[in-house]
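Reconstruct the complex from the two isolated chains, following the hints.
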Amino acid sequence: MTDHHHHPHLHGVMGEFETPEQLLHAARAAREAGYKHVDAYTPFPIEGLAQAIGFRWTAVPLITLIGGVGGGLTGFGLQYWCSAISYPMNIAGRPLNSWPAFIPVTFELTVLGAAIFAVVGMLALNKLPEPYHPVFNVERFAAASTDRFFLVIEARDPKFDVAGCAKFLQDSAARHVTEVKDEQ
Amino acid sequence: MSTTAQPRDMRPRDPMIEPGHTYASVTDKIAAVVLTRPLGIGWLAGFALTFTVVMMLFVAISWLIIKGVGIWGINIPIGWGFAIVNFVWWIGIGHAGTLISAILFLLNQKWRTSINRFAEAMTLFAVACAGLFPLIHTGRPWMAYYMFPYPSTMGVWPQFRSPLIWDVFAVSTYGTVSLLFWFVGLLPDLATLRDRAKSRYQQVIYGMLSMGWRNSARHWHRYQSAYLLLAGLATPLVLSVHTVVSFDFAVAIVPGWHTTIFPPYFVAGAIYSGFAMVLTLAIPLRKAYGLEDFITMRHLDNMAKVMLATGLIVAYGYFVEFFMAFYSGNKFDVFLAEQRLHGPYSHFYFALILCNILTPQLLWFSKVRRNVALLFILSLIINTGMWLERFVIVVISLTRDFMPSAWGRYSATFWDYATFVGTLGLFTMLIFLFVRGLPAIAIAEMRELVHETDEGGQL
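Chains as they are written, first to last, in my numbering: chain A, 1 to 184; chain B, 1001 to 1459.
Calculated directly from the structure, the hints in this document are not laboratory data. Where is the CB? At the ideal position from N, CA and C, for every residue including glycine. Be careful, since some hints might not be right.
[Said to hold, decoys possible] No more than 30 angstroms apart at the CA atoms, straight line, and that leaves these computed lysine-lysine pairs for DSSO-like:
#, chain 1, residue 1, chain 2, residue 2
1, B, 1287, B, 1305
2, B, 1110, B, 1367
3, B, 1198, A, 181
4, A, 127, B, 1198
[Claimed, not checked] Quick list of simulated restraints, FRET-style, between CB atoms:
#, chain 1, residue 1, chain 2, residue 2, range
5, B, 1204, A, 28, 34 to 44 angstroms
6, A, 95, B, 1405, 32 to 42 angstroms
7, A, 25, B, 1201, 34 to 44 angstroms
8, B, 1151, A, 66, 18 to 28 angstroms
9, B, 1106, A, 32, 29 to 39 angstroms
10, A, 140, B, 1151, 51 to 61 angstroms
11, A, 66, B, 1357, 38 to 48 angstroms
12, A, 95, B, 1148, 20 to 30 angstroms
13, B, 1040, A, 81, 55 to 65 angstroms
14, A, 21, B, 1421, 51 to 61 angstroms
15, A, 32, B, 1374, 52 to 62 angstroms
16, B, 1316, A, 66, 40 to 50 angstroms
17, A, 140, B, 1052, 46 to 56 angstroms
Next up, chain B with everything else stripped away, as it sits in the complex (with noise of 0.2 angstroms):
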């Protein structure tokens, strides 16, 4: 027996906090980001950029809505495009930080405990970005209200039977859901705030939006139930949403589109995608705050393993796919996934599948989802790939329906890029207002973690 060679369980795992914070510390550290720390030149850098990207997507919708969905290049028969595919893009996005405040809650993984605020916070304007979507697509956005249903002169209503309309629900319940969710969790960090803020603006809006809150025994016990409680609700509410975007594809007969493998394989993905964007966000986070003591590497090592179970479940969902054209016989589906690979889009496929299948594997090796910078790359790369995906289904389906007469091309144009990236620089911007204004990490749930776990920062 070797006496050098340890096992690899006995290895000692990367702790959830570094060694040696108190209640006081955490408190301190997390609220002077907040509080105390001046704006300095990064930030105020980063956020002019993004504001200037926010300009240029409010000159794109300006430019939609006086000139139509004609800038764009969706025509006959495709009439999605772009808006559809940023809309799945961005709402599968917003999935992973829901996983990580309520099915990793319910699942008691007290990892989640030092990401979960700013997961939510991504969900919130990933949802916000998506909802932009569908709306000026519509062409007409003022008359989106008639999605509602709402007593008309006209005594007509929606039609419950289509999955664009569950779709409406599903993305309107999903926002305000995980509004409320994130509210519930932000109310003792804000007493917090207000207990520690110096300033009298800092005071009055801290104090109001903390509601009183005064961390009195009983009113925690109240919310650690409602709490679980909304844990309980938005766990089956995320399956769902993307459930039922996937149902925006799957309940139609456009050949790609009609398989029940999408439902899964769209929850899976979606997961995938934001998980990627938690560590895109997390990575920079900890850099520039200097978090790396509460996100430690051990959350980027589970982070980057769940990406790689859900990758697999996606690469799965690919091979299915394939699969089924071929066993159902169907000459329509046979021809689609040959365009797949040999059609006029097949560089979009193997760029997907390079970005979603294959460089993710890299992610079976401790060294490489310990390497900070690689792993940022990598959650870069899969993002790339998960809008690649989307860009495939939409786009590859529509152009090629059951008739050649039917058959198309599309190209996106300037307003379609301009709108695309006016999106991101709205979320990134929303994210640098959002970690100076509010507790990037919850500071509460931070205490009790010190209250949970010994000197070493495990359980």
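Chain A on its own, in the form it takes in the complex (with noise of 0.2 angstroms):
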């Protein structure tokens, strides 16, 4: 019972909560009880709820540092390779490399480096786009984006038995309790 190709059509089970403390309360215990694979679903982010189910780190800044120092690279290489090395034009032996007029290109293109990985790296993280997933095939979960609060302990999880995790979560004052089943 506890391999997850023993549950081939279910995804796990969810609980629905009320308030966002009933489900930190909750989140909180399963983390106790020992499961692994537990995700929550909330109308808008509740501070502390990501830490509650286990998930602490994310790459978004260092993927972001990364967007950025690239695109300032990039900018005043651009600059300094057009102006010093491809198309070198020597007015009244000006410099070259006139570093201060390049500063502006350079900030620029550091903000658009960085901005771009923010966006497209949390994306990507997130796996989305993603049309497909099986919570939605509960019809209660379109309320995760209205005024409910959704708690699901996956199939995946080393501790996954249906009944029991059942229990746990009417016990943690869920007011639903509903398998989620994956039909691909």
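Following this line, the structure appears as structure tokens:
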């Protein structure tokens, strides 16, 4: 009962909560009960929830830094190469590498690189676009974008069993508990 | 001690959101404007009118491409004219959107929540209108790609030491980053619309745009990280954009342009005119769609205060321009300052002082800031004033260069006005489409605000 392959058509068990506080409490309890593969769904970001389901570190800042450094180097390198190497123009002996004049474009491309990397990196790490996901099979889940708070214990969790998870969620004050089918 | 008079700071503050709202009620109310509300005669009439004006813009641009820039009032020495006046005006208007979405976010000003979305939309549409002007001002817009560094058979590259090329990079970066910031903010709201959409085509369109966003806590965590970083990136960006725009003037040696006050004074002016435009849009919007619960007097009052503060910085800029002209003893600068007061365009200058400095002093009074109709009129006056400011800067300096033989006169033609009014129509038409196609207020952020505020709508 502990292997994912025993639940080929089951994504997990979903509990629906009425308040963010109940959800946060249940998420922490799930962690303490030893569940590893847990996800929570909320209509707005809730402070401490990601940590409660065991998710702390995100690579988005690092990716943004790489994009910014890359953009800046590209910006300065482009101007230096164009002005000093590819088509050098000696105008009254002024320096070809007139770096102060290259700062505005370097700055703009730093911001551009960082911003594009931040957005694309965030989407890629979230694996978006992802049109199909099993949680959408639950009809009540549409309320996750209005006023309901959901906790899912996933079938790939080593401790997963349907009855046990359902009982755990009910004991944690979940109002509705449903199985999440995976039709793929 | 009097017992009746309450101290000023003890008066209850206006709520950020009217009391009694729940997660569901804010979601219902904002989503309904997009999903279920019938179009209505007001929207249709407004859209039809602005669409007609956009057709006029197309005619004006087509005629320009057929005949060349000679159909405008520009000449030698006034090569810039309306095109650059309008460019600077529009790009400045965009700045308030970024200020609200990025700088107020970093400063943790929660009242930004209900106005940031349409202010960002305003930024994008204003940048689109702004970008049009330098493009068609080139006279041969199909050659505009010359401004980008691409390997050509001629082997030449753009002049990277010129502020005009900095401008190309600044404005295109600004447009791109504003679009990304806007889209990231929209993502959860598009998912909200997808979940509530009833008709098939709404489900498909919002389903595709929302990219399968499912409100997962892991996604929110990365999302918040990216949003904060974008805010941090957009903040120096927005300051740099109008700084670079001011370099277009300040780096030149033309009297009246060659001053170091230009960057800060341009940025302040941009925010000044931008907040005026946010008010111009917010006041009819909250009225037409009954959004007074979300865009409360608190918002209008705060925006009026920002206008007052930035307006005073702009007034200081005007003062320093005069002071430095006389203090420097440079006879050309002194002459130009006198030309502003006594020259052929002095009525523009006095109208500018009236619109931008004198009239906005009314905003010191709480009664004025809380009078919605008066605030709307003041926002229109400030928008006019900021347009006049750019006219004064561009035209007076170019018509009064160093030598009398290089002096000239400028007057706009019908096609100048048609193009300018055309972009006003384009901007308004895009706003009309936006309020019915996308949520004009950030829904997920409003739910968060409901969570954070108490029963009285206070933090």
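Self-check item: Index of numbered hints that the structure contradicts, given in increasing order
Solution: none
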